[in-house]
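Please put together the full structure from these sequences, using the hints given.
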Amino acid sequence: MTEWLERHMPKFVMAPSFVAILIFVYGFIGWTAWVSFTKSRLLPKYDIVGTIQYDRLFQSPRWETAINNLYVFGILFIVISMFLGLVLAIFLDQKIRVEGVIRTIYLYPMALSMIVTGTAWKWILNPGLGIEATVKKWGYENFTYDWLVNPDMAIYTVVLAGVWQSSGFVMALFLAGLRSVDEEIIKAAQVDGIPTWRIYSAIIIPSMAPIFLSAFIVLSHLAIKSFDLVIALTGGGPGYATDLPATYMYTMAFSRGDIGQAASSAMIMMAVVFTIVVPYLYSELRAKND
Amino acid sequence: MTDLSNPHMAKKQSFGTVALRWLLYLFLGLFVVYYLMPLFVMVTTSLKSLEEIRTGSLVALPRVITFEAWQTAWSSACTGIQCEGLQPYFWNSVLLAVPAVILSTLIGALNGYVVAQWQFRGANLIFSLMLFGCFIPFQVVLLPMARMLGLMGLAGSIPGLIFVHVVYGIGFTTLFFRNYYVSIPAELVKAAKVDGAGFYRIFWSIFLPLSLPIIVVTVIWQFTQIWNDFLFGVSFSQAGTQPITVALNNIVNSTTGVKEYNVDMAAAIIAALPTLLVYVVAGKYFIRGLTAGSVKG
Amino acid sequence: MTLKSALAASAAVSIISATAGFAGPEAEVLHWWTSGGEAKSVAVLQEEFASKGGTWTDMPVAGGGGDAAMTALRARVLSGNAPTAVQLKGPAIQEWYEEGVLADISSVAQANGWADVLPASIAGHMKCEGTWCAAPVNVHRIDWIWANAAILEANGIAMPTTWAEFNAAAEKLQAAGITPLAHGGQAWQDATVFEAVALGVGGAEFFQKAFVELDEATLTSDTMKSVFDQMRTMRGFVDSNFSGRDWNLATAMVMNGEAAFQIMGDWAKGEFLAAGKEPGKDFLCASTPGEGFLYNVDSFAMFDVAGDDKTAGQLLLAELIVGKNFQKVFNLNKGSIPARTDVALDEFDSCAHTSAKDMADSNAGGSLLPSYAHGMALRGAQSGAITDVVTSHFNSDMSSDDAVQMLLQAVQNSM
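Protein chains in written order, with my numbering: chain A, 1 to 290; chain B, 1 to 297; chain C, 1 to 415.
Mixed in with the good hints, there may be bad ones.
[As the list claims (entries may be wrong)] Footprint (simulated), chain C over chain A, 3 or more residues, beta carbon under 8 Å:
1. 29 to 40
2. 234 to 247
[Stated by the list, open to error] The calculated SDA-like cross-link candidates involving lysine to any residue, where the alpha carbons are at most 25 Å apart (straight line), are:
3. Lys277(C) - Glu153(C)
4. Lys45(A) - Asp304(C)
5. Lys259(B) - Asn333(C)
6. Lys137(A) - Arg63(B)
7. Lys39(A) - Arg379(C)
8. Lys136(A) - Ala176(C)
9. Lys137(A) - Ala306(C)
To be clear, the hints were calculated from the coordinates, so they are not data collected in a lab. Note that this is a predicted model, so its numbers are computed, not measured. We treat Cβ as the ideally placed atom computed from N, Cα and C, and that holds for glycine.
What follows is the structure in structure tokens.
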């Protein structure tokens, strides 16, 4: 009896988590999918009426803006954070004297909630109060930095604040990865006369593939969650120029009593995430098991 | 750290190398400014009087340092009818965050252990399914979760909030531990099995002792996510169980009345202190934790 | 102990244990009045409640004009744990009623004669299919224009009574280097200005057809195009930093002379008063050019909850909210006027008197209209859709023709 128990123990251990994920992630996604085919308004209704929510969604100019912003913001945020994190990690790896202090400074923004981050950056980027005003006070009358209030540029301020918050964490991940590379290999390469930058690009960085996976997962998670950041920084404005699918969904569900619409936007958002994340996960995990 | 220094190269120290070195420090220094600026603004604003904020510039140091804003934020700012500041809500957040972090870390450790070292059919699939759960935006699960919590009788309570945070933290904690445990050589497990040790025995005596670094990483991540969460906190709590983020929101986002920027900033910093402390104190263990993933066999 | 006292004691004990189940009226109140001034006003209600033996549990959730609170409300209702009283207004009340989660407080309404002391259109908002389900707290007027008295005098400008006069005054001010209109570029503020302009340009009937009945012909009419034209003109009268600015910072601009006018509801008065300004002397208040009165009524809706304590709490709360004392004190602090028409206004200032008089006049004349921008005229989905178009037009160079087309499509899409 205990023999059988012992053999199947791993499964028992993972079972509760698995069940929880099935219900609270996939079950809820299923619930959302169901509701997206109904005419739910204030509270969920469960009579299927067809694809009208999706029709409404694709006709909405605001949704179009939101999806475009997701691509712009998502790609820029992830790529810049990864790149910056990697560069900073490589630089910090060069035996800097005050490494500990600098590392803490780069890392701390992650500790702040997005509400705090958004509020602080809203101040700094405000033309009348922040950078533009300060530089003007210093005498440069013609300096303008009004991205925050410009409908075309506002989304980039969200990128700026988002990168600020997360690139330090990514840097920490990469720094750890850099330092866990086997010393012998590096020494051997150096003896062979390979230049430092080549060592990085040909040996160290490729061996950090699992770190890239973790960084990608963390950043994608944050990009999708950036709801708080947008609300605090721009409120979705000017107009709705910095709307993202997450804020669109929230507005529909909770301000406009239009839960069916919110559900359909959520499904599209999840579909986008799915198509990007799943192939990446698949290739990474497959490679791992080789 | 990666030791790229090389005795063969030492003699080649030239002007170019020194210049590059300076460039390096300059670059790092610029980013220090980028990262520190908001904190600088927040702290200096919280130490100024309202008059000074109105008339002065954003980046100026306070002319007269006053801690009044901090006092107000902690004990007398209005978060509704009560004007007791953040203090009453602080404890709610502690009661919520500590158990949730401990539970999710424990579950993640066991799960990671299973996926990394005890392959059974479908383990990888289950792991991938769990990972996908990391990407679900919380707004999507808000309403169905509300219904579930009601059915489970946990609505509006701290245990309910703990439950929610544990469920949605499983994906990440499992990922962290699994990545860490894959690098522990399978021979160790085999040898222990030969000695007759079982599932839990091996975990307790081999894996757990080695896990301190990754435990630190996981605890830091989870604590930050849970302490800073607003959405679940506002939706699944009621009067008396609201966490500190809800109180902070009430102080900062009141729509009428004079905006007391100094109190807002002080409140934001107070609310962020535990997580900041965790990062600053545990920061170096954090790196060590992420580094020590490789055990050279 | 003697036999008599023993009997008395046991009688007392049995009475106490018989009533032990009922602890006294209690209410958990969800609201977003969290700033210092608002908190004080609501505290008055709490004190009255407590003096009648009630226990008030506060559940404040600030932000977004109630967005975060509505999120919390939905979660609470879905989990079967609704709060006792919730700050709700406009058609949202009837929407929640349709979900079957509101309580019936007709008994209190009848006992206190609400139907006699509330204006008809306001009473209408508080009723759900004939039964009373909410208690009104105040009447805010939306279509106010506020001005810095000194600036107007120095530039020889009078409070405008037509939009043409406003435009002329604004151009004069611009030439003098003063920002004509202090504005905060948030969607709800854009919508506030829009509906004031719409009422002024189109009149009461136009407003009713467009924003209450959503008549398609009216939405695409030439009058609507002129409304957007005027909005385009207004856009030229705001300063370059208006985007995202909070409304009270715009009021501050008027107070310190940076700007001359602000179009904002009567809660702006609270800012002026808090800064020690006097109406008529330091700042001027007038209705925006045009005939009519756009109102916003804050109210508390009572949710269906289990337990005698809570039901008693709701009834007591409702009674106190429409009580004369609370109506007077709360509105004195908040800048609005009582919903009750029989409250003496002696302690209220000149702007409030104007507001009350206008309300009575427009009620008689049929131009007492619900504000769309503040959620009184339409349900969230429709008003949100209209606001999307308004704010998009204001923040771009969209033409009026395109705007009315977008308006029609947005409304149709949101149904």
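Each hint, compared with the structure:
1. 29 to 40: violated (count 0)
2. 234 to 247: Held - the region 234 to 247 of chain A has 8 residues with a Cβ nearer than 8 Å to chain C, which meets the minimum of three.
3. Lys277(C) - Glu153(C): holds (16 Å)
4. Lys45(A) - Asp304(C): Given that 25 Å is the threshold and the Cα spacing comes to 19 Å, the pair holds.
5. Lys259(B) - Asn333(C): Status holds; Cα separation ~17 Å.
6. Lys137(A) - Arg63(B): holds (18 Å)
7. Lys39(A) - Arg379(C): It holds: about 15 Å lies between the C-alpha atoms, which stays within 25 Å.
8. Lys136(A) - Ala176(C): Holds, at roughly 23 Å.
9. Lys137(A) - Ala306(C): violated (61 Å)
Hints 1 and 9 from the list above are not met by this structure, while the remaining hints are.
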